[in-house]
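**Q** Here are the chains, one letter per residue:
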Amino acid sequence: MKYTTFNQLSNNPLSEPMFFGNPVNVARYDQQKHQIFEKLIEKQISFFWRPEEVDVSKDRVDFQKLSDSEKHIFISNLKYQTLLDSIQGRSPNIAFLPIISIPELETWVETWSFFETIHSRSYTHILRNLFGDPSSIFEDIVENEEIKKRAADISKYYDDLIFAVQLWQTLGEGIHTVKGEVHEITLRNLKKKLYLCMNSVNALEAIRFYVSFACTFAFAERELMEGNSKIIRLIARDENLHLTSTQHILNLWAKGKDDPEMAEIAEECKQEATDIFLNAVEQEKQWAAFLFNQGSMIGLNKEILCQYVEFIANHRMSAIGLGQPFDVKSNPLPWMNNYLNSDNVQVAPQESEISSYLVGQIDAEVNAEDFGDFDL
Amino acid sequence: MNIKVTTLNGTYDVPFFDGDSTLESIERQGIAVQSHCRDGFCGACRCKLVSGSVDYKVDPLAFIDDDEILTCCTVPNENVELIFD
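Sequences listed follow chains Y and E, in order. Throughout the first sequence, residue numbering follows the numbering used here, covering 1 to 376 in sequence. Throughout the second sequence, residue numbering follows the numbering used here, covering 1 to 85 in sequence.
For reference, chain Y alone in the conformation it holds in the complex:
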């Protein structure tokens, strides 16, 4: 079906599926097929923040005090997060918007991606403070083999869906040969690609950030790099909301509350969805090994981080009906929860020293002797 930016058909958006129905026409939010997306938009907008509001200048001094292995951990994590948000800042828009059929989901995806671009801009803010010229750090993201491996795995599901949708929207269903390659395009096939892509995005939002988050908060536990930690807490709060949205989409499909064909596909592709998640877990463990290959940091090592990835994966997988494959009974990093608590995300983010934050810093008390030196 050809994409149109304003569908002239007078359709009822309340009877459209989330994806692969009619293209959206009127951006209206007075009625919603799936109210949750409107609520997520409101919540996300209420979280608005700008990286420049967070003072990271003290981090420059802290960074010089880190050991070489700690610097490697810190910078590598920033590179990886930069990659993740580079992908997430554009891909949901490009992959999902052309096939979305309800206005509230369309606007949610746009809001979601916009916040990922705030995250990307905050990495530049952090790095520009640490290095006069951060070019070499950014340039290494497309050179570093460890990061490239992950990039390929994350973007392949997006790219596969985007390409198939482009063929479908220009040529329709059928067997198409492009540059000698044969592609069978059916709506069922497209829906399957969408399902796998959504699972890959869900796994990304669910666990791919958490090794990096754990390292950042472990530095903050030692009162190091606290400006960076404040930014990452804001990012973590946003990512938790994004994860909620992908969990809702997957569960709406699986429980037959949207497109009945997607419920069949969810059942049919359960093993593939599980494999996508388990593969992400494995990659995150390998990332932990890479981070600690030059030595560990106080409070964290590869083993604890790997257990934490398994612990968090159990929770995230059970939320979408994939069971709990790992044998981890308790949270190996219980202090992480304090940093992921949205109450602890400060309202005045420019106060970068958590421990010295004061409320009502102006002393309004004036005594008569304060005027002792005054002559009129």
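Per label pair, the in silico range of CB-to-CB distance:
1) Leu8(E) / Arg121(Y): 38 to 46 angstroms
2) Ile304(Y) / Leu8(E): 14 to 22 angstroms
3) Ser53(E) / His176(Y): 53 to 61 angstroms
4) Asn77(E) / Gly321(Y): 21 to 29 angstroms
5) Ser53(E) / Phe114(Y): 37 to 45 angstroms
6) Glu81(E) / Gly321(Y): 18 to 26 angstroms
7) Thr186(Y) / Lys48(E): 38 to 46 angstroms
8) Val178(Y) / Ser53(E): 53 to 61 angstroms
9) Val58(E) / Gly321(Y): 23 to 31 angstroms
10) Ala263(Y) / Glu81(E): 24 to 32 angstroms
Simulated from the structure, these hints should not be mistaken for laboratory data. Quick caveat, the model's predicted, so the values are computed rather than measured. Yeah, the Cβ is synthetic: ideal placement off N, Cα and C, and Gly gets one too.
Knowing the structure of chain Y, use the given hints to seat chain E on it.
**A** Structure of chain E alone, referenced to chain Y:
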């Protein structure tokens, strides 16, 4: 009111304190359960509600299955039985 809590580490009887959320009363007894946002949008504190009922203090945004509740933004209406797995 009483909250019967079953985790992977055992079963506990937890008294509910007025002014607490379900989660806060459980934590008050030193029982380790998972939580992140504590504002109903992340779903980390999700658990199974075996019996009883709860009231939501904020509109929960996280996905919750029919037999599940969030503990961070609820208070029990009566004695409840919860399973964390």
